[in-house]
Structure formats: C-alpha cells, structure tokens
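> Sequences and hints are given; from them, build the entire structure.
Residue numbers (numbering that gives the first Met the number 0), protein chains in the order written: chain G, 0 to 164; chain H, 0 to 195.
It cannot be assumed that every hint is accurate.
Claimed, not checked - In the DSBU-like style, the derived pairs of lysine-lysine whose C-alpha atoms are separated by at most 35 Å in a straight line are:
# : chain 1 : residue 1 : chain 2 : residue 2
1 : H       : K154      : H       : K123
2 : H       : K158      : H       : K169
3 : H       : K169      : G       : K71
4 : G       : K71       : H       : K70
5 : G       : K85       : H       : K158
6 : G       : K85       : H       : K155
7 : G       : K71       : H       : K16
8 : H       : K123      : G       : K85
It should be emphasised that the hints constitute simulated quantities derived from the structure, not laboratory data.
Since the model is a prediction, treat every value here as computed from it, not as a measurement.
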Amino acid sequence: MYCVDIQSRFGDFIAGQLARHEREQVLAHLQECEACRTTLGNVDRLAAILSQTECPPVPSRLTARIMAAAGKRRSESVTADWNPLKWWRGATAPMQAAATITMIIGLGLGCILGWTSTSSPSSAATGAKSEPLDIYQLDFLGDLPSGSLAGSYLALIAVTSEGGH
Amino acid sequence: MSDFDISDESLMEAVNKGDLNAFEQLVRRHQSWVWKIAYRFLGNSDEASDITQDAFLRLLDASRHYRVTAKFRTYFYRIITRLCIDHARKNRAVPIDSLPDIPAPGPSQIDRLEHQELESGIQKALDALPPEYRMVIILRYFEGLSGVEIANAVKKTPKGVERLLARARKNLELSLYPYSQKITDDYEGESDDSPV
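As structure tokens, this is what we get:
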C-alpha cells in the first residue's frame, strides 16, 4: 500500500475510528516507513495543539431567541404559503384524475349552456319585440300622461332598443 | 417516557405537522454543538448565534421535505457547514483580535496570558485557512467526525476530504509551528520532571 493511502487514514487512525484490519495495515506500514511516522507525529501534534483551545459556553438566551424566530417564521409561512397548486402537488394520482375529469365536465357543461343561451332564437325575438316597459321593468312609469318628461324618456329608450336590435 | 426516548427523526416528523414543542426539543438537544462549530469557524459569539439561529430556521423550513433517509445529525451537519462556508465567502477577512475572555487553566497570571496567546494564535491560524479547509479541520479535530462523516457533511468523497485535510494540516502546521514547538518543549519538560 502506498504512503499516500496510509496517510489519508491518519485522522481516523488517531481518532480510533478505523476498522481492525485497516488499523493493522496502518500499524504494519508505520513499522517500515519513517516518512509516515514523521507525518503521523505532525498530525498528532496538531491534534494536541488544537485540543488546547476552549469554547465559551453557549449563550443562555439562545434557545429563547431561536424559538421566538421560529414562531414568527411559522406564522409568516401560514399566510405566505397559500398556493392554489399546493393541493394539486399533495394529491394522489386518482384524486388528480378525478379532479381533472370533474373540471372537464364542468367546463363542457358551461360551454354548452352558454352556447345554447346566446344562440337561442326565441330569446332574441322576444327581446326585439318587447316593449321598453317590459324589458327594463319600468312598468311603474306606464300610467304617466304622454308628453311628460318620463313619457319622453320611455319613447327615447324604445327607439334606442329598436335600433340596437 | 423521557424527551430523549424520542428520536430526532420522529421529532422532525412532528415538526412537519406543525408541532413547535418538538422543534424546541430539537433546539435544546442540538444547539450546543451547532453553536460550537459556528463559533470555532467564525471566532465570534454574536455571529455564531446568528448562524445557529439561521441553521435551525432552515431546519424548520426543510421539515416539510424531510425524509428519513439519512441520520438527522448528518443532515444537520450539512446545513450548518453550508451556512458557515457561505457566510465566510460573503464576509472575507474578518479580523479576530478580540477573543472573548475564556477562563483559562493555570495558577498564575502568566499562565493565563500564555494560554490566551495560544488560543488567539490558533484562532488566527484557523481564520487564515480557506473556508473548506477550516471546516474539515473543525469537524475532524473538534467534533471528532470520521472521514466518511465529514464527506457526508461537506458533500465530498472521503478521498476528497482526506486531500482537503492533508492540505489544511500543512497550512496549519506552518502557522502553528511556534506553538507546536512550545507544546513539545512543555511536554518533554513534564516528562523529564516526572518520576520514572
């Protein structure tokens, strides 16, 4: 085995994290190779130096601070998360298929009903022939004398209505 | 049943259903090591707290996509290492001259000053490393992670991690040479004094 392979295991070797057979391989190599022994000494010394450092204690208010931020984040995400496609993404395939079929049927029915109501000749004819009093439901003006302001208004919308048709 | 009988993975599933008490348990369990990694990486208590908070909020956001495929800790190592490295890239060359007053061992004032000098030297040497080198050194020497665990955390192959570690060690050995000599001398001095 090459030195570079052995040296790549020094970290795990020092930490005692190598499997038994790997550890034996490293030990056997170290007995024969002075360069690797020197490198291992350096790695070991580095570990000794770094172990001299201490870490200060975790700030006492850290938990409260994180929980306050988490509560805020959760309440924001409840309002910001509204997404019409969210249900779709979470739905199973049969639910998606059922929703698609329902939507197609609904759209189809809507189109058919819309088409029949606009193209029906009876509704057009009725509209053309109806008096303004019936069309605009102004029957309360029907009893007014002719020549009055309201009478003139009725005459005007009757002309407009006929022109429109 | 005590709090520690519930696995981290189960708590994450509870968090996904909106249980903030489960989230608080995760915070209490893991904040210490997360904060220490951030502190060692950044060398600053306030920034370490900010990064720790960000890491937990990321965890909260990620809870809805969380699948129990990897160990929770491995998953969280990825979050904290990513945040630290990104932070270091955005805020390059942060001078660490004001280290916090850590109670140091040693009976005399001189011992304490020497210890502070050593800590300051180590922190400066760490800060001088590129972010990825610094992170693998922290995960290896302070967190005691194996090569495979570090590889999972930093999303590299174990071989790639060993290469990073080898380069990082070389850089550190150079900058820590004076301290290394002193520690060796101290150690040898102690050995000479000790009765055979």
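> Determine which of the earlier numbered hints do not hold for this structure and return their numbers in increasing order.
When the structure is compared with the hints, numbers 3, 5 and 8 turn out to be violated.
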